[in-house]
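With chain A held as given, fit chain B onto it using these hints.
Chain by chain, the residues run as shown.
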Amino acid sequence: MTRSALGILLALALWEAAGRGLAEAYVLAPPSAIALWLWQNAGLMARALGETLWNAALGYVIGNGAAVALAGLALAWARSEAMIRGLALLVFCLPLVATGPILRVVFGPGDGPQVALAALAVYYTTLIPLLVGLRAVPEAWLDLVRSYGRGPLQALIRVRARAALPYLVAGLQIAAPAAFLGAMVGEFTGAERGMGVLTLRAMRAMDVEMTWALATVATAIAMLGYLAVGALAARALSEAPSVMLAAPPARRGGGPWTVLLVAAAAMLIWAGGLRLLGLSSFFAKGPLDVAQALTTSSDAAANRAALGEALLETAVFLLPGYAAGLAAGAGLAMLIVLVPAASGAVIPVAVALRSVPIITTAPLVVLLLGRGALGTVTLVAIMVFFPTLIACLHGLRQAPGRILDVMESYAAGPLQQLIRVRIPAMLPAFFAAARMNVPASVLAVTVVEWLATGQGIGSVMALSASLSDYDLLWSAVAVTALLSVLGYGAVGLLERRVLRVYAPEQLA
Amino acid sequence: MTPCGAALTLILEKERDIMRTTASLTRRGLLGAGAAAMGLAALGRPARANIPVSLQLSWLHSTQFAGSYIAKQRGFYEGLDVTLLQGGPNAPVEPPVVSGTALVGISAADYTAAAVAQGAPFRIIGVAMQNNPFAIASLPANPVRSPADLPGKRIGMSLANTPVLEALCQLNGVDASAIEVVPTQYSPQPLLAGEVDCLLCWATDLPVAMTVQGVENETMLMADHGYAVHSQTYIVTEESLAERRAEIVALMAGEVAGWEAYRVDTAAATALTLEMFPDAGLDPEAQLLQAERQVPLMFSELTDANGFGWWTDETVAANIETLALLGREVTADLWDRSILEEVHGA
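Residue numbers (numbering that gives the first Met the number 0), protein chains in the order written: chain A, 0 to 507; chain B, 0 to 345.
Okay, chain A solo, but in the shape it has when bound (with noise of 0.2 Å):
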């Protein structure tokens, strides 16, 4: 505890001295600084803070309640799962930027799209876990709970909701930050107040302390609802639960025909909805107008054009911050294990950088890194981080003792029993989390390119936004969350390669 408190210590020193240092480049703040702005803003701050937290914690429930409504449907018609899970990853898919307005307009005036993108930022992340823990209950349980006459109602209640709850505490402790940072993007539609608007605010103005004054402000509220819903969790469960992204098994991805039909069905849904809301054509696309924009239409080539090129650049920042996420995740996982005494120095440091909302970060990380890949690519990879390190860290723990114990006897030191145990043991957990970060690595980088460097699909959207084109920015969200499932579903076919010769036993 001390050691730590004393790490503390030393990084508010470093800080404090190099925001001294470098008072004249606009980029860093020190810790002093920062305290003596939020003191003298301290009414402007927390009514802020209140405002956004509200519309997050509205979000949070409705996203969560969301989930929980789906996993129950799922459970109660397990044939609905397939396409449940399938259009729950579409949306989940759909990048916030080019949402946003959307939402404002079939919201109008008011906290409406705040509140659902919120909702939008949480609910998978609880899903899928819940989808999970519902069904990870021994069958000789269900089969006592039938030979006493009961039925399925009595066995959700007694046996399957207490073996799902590790699992939903999971998913509603990534959901805290992730539902504040979805406020923040929720409140660039327009809202009047809030830190999302501060934000902004404080970027235009060049006022370094004010910008980092509200990065250290929402990273440190995330990191208290994240560590909040933990303890909550932990008085509510007998055992501490496992921190874990548990994305559904590749295995169960479905045939084609659950693709069909999943397709069919978000098609149905979009072209429904639209018609159900009653929106105009002017800015209200369709898949057909889509369909038409990327096709038929007289600037279909323009379009593919534009899109690929914009997608080109971006991939070009995505793909090497993705990798380097999974690789600092698994790499750092692996060092803890090895060094059990590390896990006291990186676990709070990763939950701190879990936590901080890209909002804010996003300019401060372009400012220290520059506009160019370095930042881009720095911003992506710690958003995948950590839900990887988390992963890994499970599944390296979750090696068999006898198989330990066998190479314990054959004296093979720890260097050996991760290579030979504890990897093949974590990789389904590793790209469980690979899986995941598709759709959270997309959104960083559309988040970076859209407020910081002005290039790629993210800007694209923007500017297709405030030039009226929504042809394009239909067509952007469309191919962006599509090609966001693809990549999941590459990285799900990797798994079952790597893992039918690494850890056959996993497909089984």
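Think of the hints as simulated: they come from the structure by calculation, not from any bench. Just so you know, even glycine gets a beta-carbon here, dropped at the ideal spot from N, CA and C. Any given hint could be a false lead.
For the chain B half of the interface with chain A, some residues (derived, Cβ under 8 Å), not all of them [claimed, not checked]: (1) Leu59; (2) Gln85; (3) Leu158; (4) Thr161.
Okay, now just chain B, sitting in the frame of chain A:
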């Protein structure tokens, strides 16, 4: 805002006006006056309740829209209860106007032209910024004072504005390919860090931020070098123009009166902005400077002679020419002066 909330706001505003005019009253008297106003508001308006309409702003609340705040606070929008909808980086103006959420929107001729090309039935009914606010900001050690200074420089700007730079170059016979464009967004920092030599931005935005931060800078207004694009234009749909004419006239009359009052006292306009939006994180010094720098963009000999928001066939012709350079083909029909004529004629 709910109708009830809107009514309450209106009452509170009336009350505040009464308080201002009767400063010598005692507190008890004030309460009485307030109660009387409330009673009047409750009883006296069934015959002609104020019609709720919305004006969609193009950016976050700031002195950029202070004339509208004055109009709202002083009751210049006669017969209307106007809600001012804030814009933002992810809040395009055109959809709420097309969908009818907002009766009038604040756009710019180039964005409006783009929307019209996509099938939006817009008309421009007023021009708040006669002179386009786009400018090139630079540092005194390496200044850009005319377009001829641009070749060989690195310019930081949103890639979205590439056509703007190209149009400026074409208007002034400058080789655009000799300028290196560095994509930047929303911050003057790259200029200070030496990543770029100049920035393409609004004269009232990043240069103001730099001045307030104590960084000396120079701005070259593009409007002074032939870049003629009306900015902060009021747009409505053709349908509204035909069917909700009286409301549009009342709204524009309020805007005209509000902005004339703004011109008379920018300090008061700034104070009102800060008072109305305490949660917007506005810096008083920057807001005042922005308010002052905005005046020469909005008022000219043309508006002195004809009134706020005016344009002539000549200025429209210049706009059409610049817009063509931006790749936007429009005709003079895009502009409809009948509302302003009605406002200024009355």
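Now the hints, each set against the structure:
{"no.": "1", "hint": "Leu59", "in the structure": "holds (7 Å)"}
{"no.": "2", "hint": "Gln85", "in the structure": "holds (5 Å)"}
{"no.": "3", "hint": "Leu158", "in the structure": "holds (5 Å)"}
{"no.": "4", "hint": "Thr161", "in the structure": "violated (10 Å)"}
Going down the numbered hints, you'll see the structure goes against just number 4.
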